[in-house]
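J.: Sequences are here, hints too, so could you generate the full structure?
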Amino acid sequence: MIDDTLLVRTMRVAKKEPDSLTPVVDDPFDLELAVEASGGDKGAFERLMWRWWDRIRGYCAAFVAFDAELAEEAAQESLIRIYKALPKWRRESSLGAYLYGICRTASADVMRRAARHHAHNVQVETFDSFPLESHHSTGEGNVLNEEANRMLAVAMQKLDPEDRAMLYLHEVEDKGLAELGEMYGLPLGTVKSRLFRARDKLGTLLREMGYELH
Numbered sequence: 001m002i003d004d005t006l007l008v009r010t011m012r013v014a015k016k017e018p019d020s021l022t023p024v025v026d027d028p029f030d031l032e033l034a035v036e037a038s039g040g041d042k043g044a045f046e047r048l049m050w051r052w053w054d055r056i057r058g059y060c061a062a063f064v065a066f067d068a069e070l071a072e073e074a075a076q077e078s079l080i081r082i083y084k085a086l087p088k089w090r091r092e093s094s095l096g097a098y099l100y101g102i103c104r105t106a107s108a109d110v111m112r113r114a115a116r117h118h119a120h121n122v123q124v125e126t127f128d129s130f131p132l133e134s135h136h137s138t139g140e141g142n143v144l145n146e147e148a149n150r151m152l153a154v155a156m157q158k159l160d161p162e163d164r165a166m167l168y169l170h171e172v173e174d175k176g177l178a179e180l181g182e183m184y185g186l187p188l189g190t191v192k193s194r195l196f197r198a199r200d201k202l203g204t205l206l207r208e209m210g211y212e213l214h
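The sequence shown begins at 1 in this note's numbering and counts up one residue at a time.
Be aware that a few hints might be false.
FRET-style restraints, in silico, Cβ to Cβ [unchecked claim]:
1) K158 - G40: 39 to 49 Å
2) K158 - E69: 13 to 23 Å
3) G39 - P161: 27 to 37 Å
4) R81 - F29: 20 to 30 Å
5) R207 - E32: 42 to 52 Å
6) L188 - E32: 23 to 33 Å
FYI, nobody ran anything at the bench for these hints, they're computed from the structure. The beta-carbon is built from N, C-alpha and C at its ideal position, and this holds for glycine as well.
T.: This is the structure in structure tokens:
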């Protein structure tokens with residue numbers, strides 16, 4: 001099982017849209033490591049991946065519907081592809097967008113391979129930071145219980161992989177509209193509408209199960 005805190009650390013209800021439009025700025029140390037790694041410095045690559053490993057695993061897990069085995073395979077595949085692709089990075093895009101783009105392709109390929117071999121066995125993870133309220137619960141303070149967490153995981157798994165991953169990046173990794181637009185090659189308005197539809201669908205699925213997403 002993948003550690004819950006790795007998958008979803010905080011899913012916020014309200015976003016600050018002005019922050020979502022802030023221009024993408026790469027971490028200077030990440031940039032330095034990426035430049036060194038692209039020149040063949042394996043130590044720099046290892047340090048860069050050490051800094052990015054949680055984010056890579058979390059994104060891959062979201063894309064593959066939190067299947068632990070597929071998530072690990074996708075993350076490892078991403079590492080290999082990033083190592084091979086870094087020398088080709090010419091900074092036309094932000095480093096984050098470049099790395100997540102590689103993870104996105106690797107995760108999609110892993111899912112396709114799994115589907116071909118009928119090996120997709122979704123596991124349920126716990127999401128303890130979504131503000132859910134059960135219509136059937138009488139517990140004081142609407143405390144999330146194990147069943148609510150399970151239902152949230154099931155609902156997340158029903159989203160389209162691309163939408164699920166985009167929602168993860170926006171809500172968990174705090175990626176703004178500008179960076180998501182760059183990553184997916186979409187205008188800001190399209191990104192915003194896709195995020196809205198994904199969250200709305202998630203809310204609908206949860207309501208059908210007897211829960212509310214606030």
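J.: Each hint: holds or not?
T.: Hint check:
no., hint, verdict
1, K158 - G40: 39 to 49 Å, "holds, 43 Å"
2, K158 - E69: 13 to 23 Å, "holds, 20 Å"
3, G39 - P161: 27 to 37 Å, "holds, 34 Å"
4, R81 - F29: 20 to 30 Å, "holds, 22 Å"
5, R207 - E32: 42 to 52 Å, "holds, 47 Å"
6, L188 - E32: 23 to 33 Å, "holds, 30 Å"
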